[in-house]
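Undergrad: Top line first, the protein sequences correspond to chains A and B. Start counting the first sequence at 46; every next residue gets the next number (my numbering). Start counting the second sequence at 46; every next residue gets the next number (my numbering).
To be clear, the hints were calculated from the coordinates, so they are not data collected in a lab. Any given hint might turn out to be false.
Intra- or inter-copy, both count: the list cannot distinguish identical chains.
Below, computed lysine-lysine pairings styled on DSSO-like, alpha-carbon distance capped at 27 Å [as the list claims (entries may be wrong)]:
id: 1; residue 1: Lys107; residue 2: Lys49
id: 2; residue 1: Lys303; residue 2: Lys280
id: 3; residue 1: Lys107; residue 2: Lys449
id: 4; residue 1: Lys430; residue 2: Lys446
id: 5; residue 1: Lys419; residue 2: Lys310
id: 6; residue 1: Lys100; residue 2: Lys49
id: 7; residue 1: Lys275; residue 2: Lys457
id: 8; residue 1: Lys446; residue 2: Lys310
id: 9; residue 1: Lys121; residue 2: Lys107
id: 10; residue 1: Lys449; residue 2: Lys471
id: 11; residue 1: Lys499; residue 2: Lys478
id: 12; residue 1: Lys54; residue 2: Lys100
id: 13; residue 1: Lys323; residue 2: Lys471
Protein chains: 2
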Amino acid sequence: MAQKPSIPKGTRDFSPVEMAKRNYIFDTIRSVYALYGFQQIETPAMETLDTLLGKYGEEGDKLLFKVLNSGDYLSKVADDELNDRNSLRLASRICEKGLRYDLTVPFARYVVMHRDQLQLPFKRYQIQPVWRADRPQKGRYREFFQCDADVVGSDSLLNEVELMQIVDTVFTRFGVRVRILINNRKILTGIAEVIGAADKIVDITVAIDKLDKIGLENVNEELKSHGLNKDAIDKLQPIISLSGTNDEKLAVIKDVLKESETGLKGVEETKFILDTLKTVGLTNEISLDLTLARGLNYYTGAIFEVKALDTPMGSITGGGRYDNLTGIFGMPGLSGVGISFGADRIFDVLNTLDLYPKDAITGTQLLFINFGEKETEYCLPVVAKARQSGIRTEIFPDSSKMKKQMSYANAKSIPYVALVGENEMKEGKITLKDMTTGTQQMLTPEELITEINKL
Amino acid sequence: MAQKPSIPKGTRDFSPVEMAKRNYIFDTIRSVYALYGFQQIETPAMETLDTLLGKYGEEGDKLLFKVLNSGDYLSKVADDELNDRNSLRLASRICEKGLRYDLTVPFARYVVMHRDQLQLPFKRYQIQPVWRADRPQKGRYREFFQCDADVVGSDSLLNEVELMQIVDTVFTRFGVRVRILINNRKILTGIAEVIGAADKIVDITVAIDKLDKIGLENVNEELKSHGLNKDAIDKLQPIISLSGTNDEKLAVIKDVLKESETGLKGVEETKFILDTLKTVGLTNEISLDLTLARGLNYYTGAIFEVKALDTPMGSITGGGRYDNLTGIFGMPGLSGVGISFGADRIFDVLNTLDLYPKDAITGTQLLFINFGEKETEYCLPVVAKARQSGIRTEIFPDSSKMKKQMSYANAKSIPYVALVGENEMKEGKITLKDMTTGTQQMLTPEELITEINKL
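Just chain A, with the same shape it has in the complex (with noise of 0.2 Å):
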């Protein structure tokens, strides 16, 4: 009977620590979001697959997870589909369901559904897990968090700003210093069009971005390589050495793609879009940067990253503008913009620069020892005291030997340790020690809790 458990690979069990670090990640971001009036919603683990496939190109299809239709699942599969041997084809006929693959169709799902109930705009934020069967490797799972919001229903610039609005009150909460980088897919079809080369514009961000590490004759030579003509990469020439502030690099811009009129629109987005952070006033740093170039097929206006500036890390924030979210589901023409945190990577940022405040990952705060029967008589009274005045308290179980309700403190990280004694007992009194300090001192049940709350 009895088997040596374990969990299905890619997946993770989350530990007390973890888990209020976690919290102490979701919540932050939970509050800025609804410091900017966005709502929460949740949407079911399982989707039905009419639903899921299609949306995520031929390669997504195959790492959705299909959940088996329940009961008798073969009793409609007829014999020849059997023998086919064919699984992709099989599946369609015994799974319905498969678990949700990011947290975007399931809210374009959610839209059209509830589109008579919603009014637009409808800025909304969810914070759940994705299952993907993709092959685990380091950072990589098969089920992990997505920590989504979106403006749906306006065109407005406005929400632009107040994306980044939030990123950066979200960072500057954490403690984590960030540059935003910005661009815009308007100003990279400007680019395509101005030098006459549509289907290159992702070679040519990946070319120009590594001028730092390369050069500029390489860069050059690399585009050549690529097939641009001499006369492409001459006028690309002001947008590769591009450099100042973001006005010095807008005005080049603008003048590289004077004769694309969606290039100019989206310099004019982008000029927009800083000029009015610059009158909020942003803490963290934002630059245009060309070389971001984020899903280029499913954005169509700002785009938008975000990188730690003190440990290294891939982007730990992205998003941007996208047209016809739910077109795919018979409601064309809704526009829309959106970021996504990512919280493993944020994780890993706060546990590196070690920025977790220690209130947020402090569970239990005083550990009340147990030395018998009478004792605790006495004690349960000022625990539940501690209680009611907030302090996170425990009365040990057990009248276990004191090493070992030490030990439990000491694993815990309980800050604090209530002893008492036959002296505690007749003075009316409690020893409080410091595990932090090891200093005791004898409090009445006032005192103990005033010194731990000062803290």
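Given chain A's structure and the hints, the job is docking chain B onto it.
TA: Quick look at chain B alone, frame taken from chain A:
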């Protein structure tokens, strides 16, 4: 391409208002659990079928959602296994994982897997969804949250006492008047022993429970119909007519059970729990109820349930003491005691009694109406200040018609709206409209913040 989207039957989307209410419920429970030193853990949605199967009886096995193996899941299945068309057997060949069915088995698995890192007693809580392929019906879902706290590795009855305090504190914070019902499996065993009808204990408790409705005579008739002889029924009389205070009831039971060692142990345990609770003081009533007989096969000591007093609803919280939680995973001898709050039912009770605190379900507190570019430029720094002071604030992103913007405020139940036109800009003020009373006043930004924060 367009499809009318839906969600799997028995699952739910949670709207912003529902989420706010649920967060209020979970946050309240979470903070009380923490106050008593319980630590949160989370386990993966998917467990291996090895972990899940055989833990919930044959019926439970059928209700597990199984997840199809990724990739070519048929490759290792022989032809005859396919042609057998045995759904259950084939499932075990093409599925290795399932969705968790409750939080108890994953917790047991967690304890065994992490035994080396755990300091006992381990006080954990866990708030996560579980999935069951039950036939959906009113109030029964295929995805629902459980909200469990357990202490394992301690036999002390102080744990039972603290769980009762937790229940009392949680419902006091909710403002729901409840009665806590307590019983003890050992008392029920004792009764069965004394009357020589060990297999009839469920029939007996069911019959006794009908006393108020059908009267003593009919209860005795029913007992007789279940095969109890006259002697047994005679011995049961004091127990059927049990009334008075908990102490009075215990005295009667103690006398009836004087021949049963187990029964007397149950009386003693119950007396300790109730006496200790008297010294700490509960807000709600706790009563010994011998007709309480939940999950007999699972529980071994104290059992308890909670009923709301002011609205008819089944048990809204329950739990008890059990032995050998982890034996099935090869770690015998670990006793525990736990409770589980019924989140869906509590949600309904708070709705019925209209007990959600306004503040907990208010999202955005202040909306700035958007009258155009110039006005927006004037408003943005004020919006930023309001947020800095903690006020959840929005500015409508588009300069839409006033009517649309006011509908938005109403739909989101935003209590305050800020209006800024020529006049306000000239005077450096903002007109604040109280959406409940309809009154308006013209205020400086600082006055506006003070006004809203004073509520």
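Undergrad: A separate judgement is required for each hint: does it hold in the structure or not?
TA: Against the structure, the hints come out as follows:
Within a single copy, lysine 107 and lysine 49 get their C-alpha atoms only as close as 30 Å, which misses the 27 Å cut-off; across copies the closest is 23 Å, which meets it. With identical chains, the CA atoms of lysine 303 and lysine 280 are at most 27 Å apart within one copy only, with a shortest distance of 12 Å there and 100 Å across copies. In the homo-oligomer, the alpha carbons of lysine 107 and lysine 449 never lie at most 27 Å apart, since the shortest distance is 51 Å inside one protomer and 44 Å across protomers. For the identical chains of this complex, lysine 430 and lysine 446 are intra-copy neighbours only, at 26 Å inside a copy versus 55 Å across copies, given an alpha-carbon limit of 27 Å.
Only between protomers do lysine 419 and lysine 310 lie at most 27 Å apart by alpha-carbon distance; the minimum there is 21 Å, versus 79 Å within a single protomer. Proximity of lysine 100 to lysine 49 under the C-alpha cut-off of 27 Å is restricted to the inter-copy arrangement: shortest distance 15 Å between copies versus 39 Å within a copy. In this assembly of identical chains, lysine 275 and lysine 457 lie within 27 Å of each other by CA distance neither inside one copy nor across copies; the values are 66 Å within and 57 Å between. For the homomeric pair lysine 446 and lysine 310, the shortest alpha-carbon distance between copies (25 Å) is at most 27 Å, but the shortest distance inside one copy (74 Å) is not.
Proximity of lysine 121 to lysine 107 under the C-alpha cut-off of 27 Å is found in both arrangements, the shortest distances being 23 Å within a copy and 18 Å between copies. Proximity of lysine 449 and lysine 471 under a CA criterion of 27 Å is satisfied intra-copy only: 26 Å inside one chain copy versus 71 Å between copies. Within a single copy, lysine 499 and lysine 478 get their C-alpha atoms as close as 15 Å, which meets the 27 Å cut-off; across copies the closest is 40 Å, which misses it. Taking CA atoms no more than 27 Å apart as the test, lysine 54 paired with lysine 100 passes in both settings, with 25 Å inside one copy and 22 Å between copies.
For the identical chains of this complex, lysine 323 and lysine 471 are inter-copy neighbours only, at 23 Å across copies versus 66 Å inside a copy, given an alpha-carbon limit of 27 Å.
This entry does not satisfy hints 3, 7, going by the numbered hints stated previously.
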